[in-house]
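Visitor: Given next are the chains, with one letter for each unit.
2 protein chains.
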Amino acid sequence: MIGVGIIGLGTVGTGTYRILTEHKSLIKEKTGLGIEVVRVAEIDPRNIKGKQIAGSLITGNALEILNDTRIDIVVELIGGIRPAYDYIVQALRKKKWVVTANKALLAERGDKLFEIAGQNQCEIGFEASVCGGIPVIRAIRDGLIGNRITYMLGILNGTSNYILTKMTDDGVSFQDALRNAQQLGFAEKDPTFDIEGVDAAHKLSILVRLAFSYPIRMADITKGGISNIEPIDIDSAKEFGYRIKLLAVAKDEGGLIEARVEPAMLPLTHPMSNVHGVYNAVYVVGDKVGPNLFYGRGAGSEPTGSAVVSDIIDMAHRIKNKNNFVKLPVYARGKKMKKGENSSVPYYMRFTAQDRPGVLSKISGILAQHKISISAVTQKGRKETGYVPIVMLTHEAVERDLKKAAAAIDRLSFIRRGSVYIRIEEGGL
Amino acid sequence: MIGVGIIGLGTVGTGTYRILTEHKSLIKEKTGLGIEVVRVAEIDPRNIKGKQIAGSLITGNALEILNDTRIDIVVELIGGIRPAYDYIVQALRKKKWVVTANKALLAERGDKLFEIAGQNQCEIGFEASVCGGIPVIRAIRDGLIGNRITYMLGILNGTSNYILTKMTDDGVSFQDALRNAQQLGFAEKDPTFDIEGVDAAHKLSILVRLAFSYPIRMADITKGGISNIEPIDIDSAKEFGYRIKLLAVAKDEGGLIEARVEPAMLPLTHPMSNVHGVYNAVYVVGDKVGPNLFYGRGAGSEPTGSAVVSDIIDMAHRIKNKNNFVKLPVYARGKKMKKGENSSVPYYMRFTAQDRPGVLSKISGILAQHKISISAVTQKGRKETGYVPIVMLTHEAVERDLKKAAAAIDRLSFIRRGSVYIRIEEGGL
Chain A
4 MIGVGIIGLG TVGTGTYRIL TEHKSLIKEK TGLGIEVVRV AEIDPRNIKG KQIAGSLITG
64 NALEILNDTR IDIVVELIGG IRPAYDYIVQ ALRKKKWVVT ANKALLAERG DKLFEIAGQN
124 QCEIGFEASV CGGIPVIRAI RDGLIGNRIT YMLGILNGTS NYILTKMTDD GVSFQDALRN
184 AQQLGFAEKD PTFDIEGVDA AHKLSILVRL AFSYPIRMAD ITKGGISNIE PIDIDSAKEF
244 GYRIKLLAVA KDEGGLIEAR VEPAMLPLTH PMSNVHGVYN AVYVVGDKVG PNLFYGRGAG
304 SEPTGSAVVS DIIDMAHRIK NKNNFVKLPV YARGKKMKKG ENSSVPYYMR FTAQDRPGVL
364 SKISGILAQH KISISAVTQK GRKETGYVPI VMLTHEAVER DLKKAAAAID RLSFIRRGSV
424 YIRIEEGGL
Chain B
4 MIGVGIIGLG TVGTGTYRIL TEHKSLIKEK TGLGIEVVRV AEIDPRNIKG KQIAGSLITG
64 NALEILNDTR IDIVVELIGG IRPAYDYIVQ ALRKKKWVVT ANKALLAERG DKLFEIAGQN
124 QCEIGFEASV CGGIPVIRAI RDGLIGNRIT YMLGILNGTS NYILTKMTDD GVSFQDALRN
184 AQQLGFAEKD PTFDIEGVDA AHKLSILVRL AFSYPIRMAD ITKGGISNIE PIDIDSAKEF
244 GYRIKLLAVA KDEGGLIEAR VEPAMLPLTH PMSNVHGVYN AVYVVGDKVG PNLFYGRGAG
304 SEPTGSAVVS DIIDMAHRIK NKNNFVKLPV YARGKKMKKG ENSSVPYYMR FTAQDRPGVL
364 SKISGILAQH KISISAVTQK GRKETGYVPI VMLTHEAVER DLKKAAAAID RLSFIRRGSV
424 YIRIEEGGL
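These protein sequence lines are chains A and B, in that order.
Residues 4 to 432 in my numbering are what the first sequence spells out, letter by letter.
Residues 4 to 432 in my numbering are what the second sequence spells out, letter by letter.
Rather than coming from a laboratory, the hints here were simulated on the basis of the structure.
Each hint should be verified, as a subset may be incorrect.
No copy labels: a pair is met if it fits in one copy or bridges any two.
[Stated by the list, open to error] Here are the computed lysine-lysine pairs in the PhoX-like style, where the Cα-Cα straight-line distance is at most 25 Å: (1) K323 with K98; (2) K406 with K374; (3) K31 with K115; (4) K339 with K27; (5) K325 with K33.
Only chain A is shown next, with the shape it has when bound in the complex (with noise of 0.2 Å):
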């Protein structure tokens, strides 16, 4: 018998006892092992109303799973980084194996556990942590493993891509989006880690890490939300056919490393623009598998429970078996980062511009200054304040410069300030 202890009875935490014990026999029938939740560790008695678990399992003492010396795995589901650091660091020096969901203490201390848990034989199972129930984690480490990775694109946040969605398909702006997702539960009261691309960075470092083998920082990865996006914006990427997502995306080019996540544009024909409402994708290219999508629910109860009792399974198998392997994060020499405003992609650029002659030109004048080139560009029809907006796409422009552009189109006297742009990603078709 492996015996369990879970910390947090939350979304997570409630998912996964439920599975555990639901499935009890389903599991022992399926891979011969006998995995029993022994304690469970929950202060705030609303998360345990309700809910069919024993008496007997719970306390509200965290130590007393620790301490349990029938307890194999600990799986740590109430996310922050402290107290859930100290838990999980406990834990591995008790040569419990630990399970856990929590990407912002992986992404920020996710180095400092692999080598406690190195250092104490045991593993860190963290499958939960991206895309909820999409088993990505094993995919791109066992499942791709003969592959040289170079190009990921994530949708790593069902919160931001509802209210993308939401805007796309309804034509509403961003706040009547984000009020319908607060209602419907799928976005929290104070929404700015989701929007703001916060937790989606989370979760792309550890891709990052897994995939490129390569130690980035929160602070690596450019980052963007998506409450400055409008309707019209949606409206004109359409007409040009693409999509607007709020987007991870990392490029291994010979061991120059790219991560950002920020709204941009994908072609209609990618498969990545079809992922829609609170479903969450990753699309990874290796040199010899070519691309693979990996697509499902990026969050819930039980579709992350699911991913954290995979997890469990895997680990109770080389428990029961006495392994004596685990695996741990690499990470190759010699890499590092590409500096992000040196990134050249193809823009879209949304200006408001007064409606008179020789606006065009001055625009498209400064953009040529800062050596870039006009693919497209339309303008919108006239408004009744005398301002229209003018949307272009850009060829292939360097950060810096486009940025230095934009700002210089925003100082000139007929643009009213502000002016938008987003990311063209090709999405490596």
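Fit chain B to the given chain A structure using the hints.
Guide: Leaving out everything else, chain B in the frame of chain A:
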């Protein structure tokens, strides 16, 4: 050092050899494993010529691989039932682990092979047998292990998917699309296995065993091919909001198993309907995780080699660490097949009728007698021959009834024989 012997230097054998040699140091870096191809067996000189492989590695005699004590893992890539079966049995009896991409062999003789593997405490890796480079075996066996899997859809054959995509995009006939696929090397001279659903059924049987823990036989799978699909069916599908795919479908409804490979219409909004060309995908629904989709190249030298290498590395970890457990298929008790003809879905039907009064009333009368109700009907423009196509969608109908009704309608004097009916698979949305 883990020694590998490859039997068969065809397409997949060459890809496997190339990955293991080109990425030898990358694999060492990522996994700590030293993996060495110590022997390759190939009898056909045309398969050796022009490949950068030391002559000393090559033998014409597979027994030299089976008897080589340096070899821990035997990779069988010759395909077909014999002698592949004998080689694998001999390898297992010598306590060598086996990797194979041979779906026909696993579908026909898998149970016996896994039994022998178990007797010898060895494992058979078969990630490469389904969907080439997509790690779908791993995803189902390990990633979704905490789920009861209830429903799967597969686009498992790149050749037929290429042909249908070509017919859909370019409006060409089946024959022209097939010829085009043959010219590009996507279809064999004798394409029967691909276009009649046999290859996809082999793969589906492997997925069903894994996902439903049920020892399905090839004869249990209802099979149909794409050769009688006409451009008008593809166009009509589009008008109704569907796309035609050669679709593998498997359901487990409380232990009653259904498995079929047939052309089917999928809603355009379903992610599987966007799997184009030679790409493959599997859509798996677990009771806890919800739907997952795995997408990538389903064939090809290096994509399939990538899957072979993932199995080799997985085994190498365990061999190196003297692991004493192997994962073998387990079958649940009490499950059984649903009779194919009892299956019930909505249908698309196409009749070719003389253009005269009373035809529709007669057809719908016969359908009603067989408890089939119509949800939509369109009559396509008149033809010079005096015959017109009548296209219908039905509500859910039992296959047995539908076949009887179609046969009765075919006997009508004003109907040209060979009425077409295609299943509509709503896809669990």
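Visitor: Hint by hint, note whether the structure agrees.
Guide: Status of each hint after checking the structure:
no.	hint	in the structure
1	K323 with K98	both (14 Å within a copy, 22 Å between copies)
2	K406 with K374	within (12 Å within a copy, 67 Å between copies)
3	K31 with K115	between (34 Å within a copy, 23 Å between copies)
4	K339 with K27	between (46 Å within a copy, 22 Å between copies)
5	K325 with K33	both (20 Å within a copy, 23 Å between copies)
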